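Q: Work out the full structure, taking the sequences as your base and the hints as a guide.
2 protein chains.
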Amino acid sequence: MTLPRLTEARAPLTREVEVVDEHGEAGRVSIPAERDLTIYVDRRELVTLMTLGAQPELLVLGYLLNQRLIESAADVESITVDWEVGAAAVKTHAGIDRIEERTAKKVVTTGCGQGSVFGELMAGIDSLRLPDTRMTQAQLYALVNAIRLQESTYKSAGSVHGCALFTLEDGEQARMQCFVEDVGRHNAIDTIAGWIAMQPRLAGGRVFYTTGRLTSEMVIKSAQMGVAIVVSRSGITQMGHEVAQRVGLCAIGRATNRRFLCFAGAGRLVLQPELAGAKA
Amino acid sequence: MTLPRLTEARAPLTREVEVVDEHGEAGRVSIPAERDLTIYVDRRELVTLMTLGAQPELLVLGYLLNQRLIESAADVESITVDWEVGAAAVKTHAGIDRIEERTAKKVVTTGCGQGSVFGELMAGIDSLRLPDTRMTQAQLYALVNAIRLQESTYKSAGSVHGCALFTLEDGEQARMQCFVEDVGRHNAIDTIAGWIAMQPRLAGGRVFYTTGRLTSEMVIKSAQMGVAIVVSRSGITQMGHEVAQRVGLCAIGRATNRRFLCFAGAGRLVLQPELAGAKA
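Chain order of the listed sequences is A and B. FYI, the numbering for the first sequence is 1 to 280, going by the numbering used here. FYI, the numbering for the second sequence is 1 to 280, going by the numbering used here.
Watch out, some of these pointers could steer you wrong.
[Claimed, not checked] Among the chain B residues that face chain A by a calculated CB cut under 10 Å, a handful are: (1) THR2; (2) LEU3; (3) ARG15; (4) LEU52; (5) GLU217; (6) HIS241; (7) PHE260.
Hints listed in this document are in silico derivations from the structure and should not be mistaken for laboratory results. The structure presented is a predicted model; accordingly, all values stated were derived computationally and were not measured. We treat Cβ as the ideally placed atom computed from N, Cα and C, and that holds for glycine.
A: See below:
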């Protein structure tokens, strides 16, 4: 299949600002950049996203996919991002059918409480068939450690959500394929979706890691990306839990060092309690 | 002025789910509830919010205010929430002028990356006049300590954002007037806005505390609520910083124990470095 042509627009991810601390002393710290990116599809304005701006083309592609406005990356001819004007111009091959109608209904979801999803959030979720991915506890620990070692904007500036896509092969360590940060966690997972869409031959089971909570939207988006195992440093909400159970997705939360809680789909996790160390 | 009649719909805020931990042991933990609430204004469907559900009527009122769909609580005759059907029926006195038009433009903001704000996010922000609120370092420490002692869903179930409104009188400790938690931080601040709208005679300077990041939307909403000082346990994003500087709002982040960083509006903070203790 033909993949879209993407620009590689870049912009600084942090900026230094002056602060005063509790000792009354002035200093400078880095904070994450945050810029608005207005998406135009075939010259029609669709939406404005606020983003860190690390991989805007993949964000836009993943956003269109996760909103189910396009079926695959092949529907898109090109995505051209210009930070000078804060615009992402999407050129499709055949246009987007009934785009007005499909972007009309607003469901405001939980990521931050008010993420915007066009169309029915749960639409088509029961038709999702997840791959038969399984992960050992050893692979989980290696994955969490890889995140710990990852250089990041979070370490230098804080206030961003991070997520990553890992692939699994039997008996091997999980391989981090893509690490994304954004001021918003939905942007981060959408960027991962865009990255996956540009890798048609990606092999192995897929595991999604996020620093954020496992909300219904995060779980649904993961399932849509063919991810059967999600791992979070944070917890899970009730609807995230319900959706995970409904689609048979393994949801692991509170994952730090050797600790974790498996909230759903424990059958996909090969437990190795002997690796957990002494009980607290 | 006549305040709207509000129901007091209640629903459980947590639920217990089964988990498996790193030792392979099954257990039960509480997770935050998360339910959808569809807002109907004068029988017209407006939006669906995903919420913890603690104070849905105040959430709806604050949402309408922060989206600038109503001028004041007095525009609303009643808000009736029914969890059986997940609906909030808003009855206005005179309808909402041009509601289709005003809810048409989508700006997807950063709270989670994709919060939904109708209308221009920045519209009217330059006309905002903030009160002359000042806070001493001692008052800040007492405020942060009050949050630490607050009983919360977060402590029992995690995965929720918390925020609170404090009022300040010269020389007195900040008084916590309202503490709100939600699965989404925008819901939490909107609920605070709804609470304020129901207190027309609220006296004292206003300080807003949030566990979440200070994004542009959080800063703008605070300013709209007459709050001149915001305090966060977390950090600030670039646009949150720019908006705070633009409206002269004091933005304090990384506030834990005796530590903090003042990112903007330091003139409103009466520094007392002698209270900070020894330098790390």
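Q: Each hint: holds or not?
A: So, going through the hints one by one against the coordinates:
1. THR2: Cβ of THR2 of chain B sits 29 Å from chain A, so the hint is violated.
2. LEU3: Given a least distance of 25 Å, the restraint on LEU3 of chain B is violated.
3. ARG15: holds, 6 Å
4. LEU52: holds, 9 Å
5. GLU217: This hint holds: GLU217 of chain B lies near chain A, its Cβ roughly 8 Å from the closest one there, short of 10 Å.
6. HIS241: holds, 6 Å
7. PHE260: Since chain A brings a Cβ to about 5 Å from PHE260 of chain B, closer than 10 Å, the hint holds.
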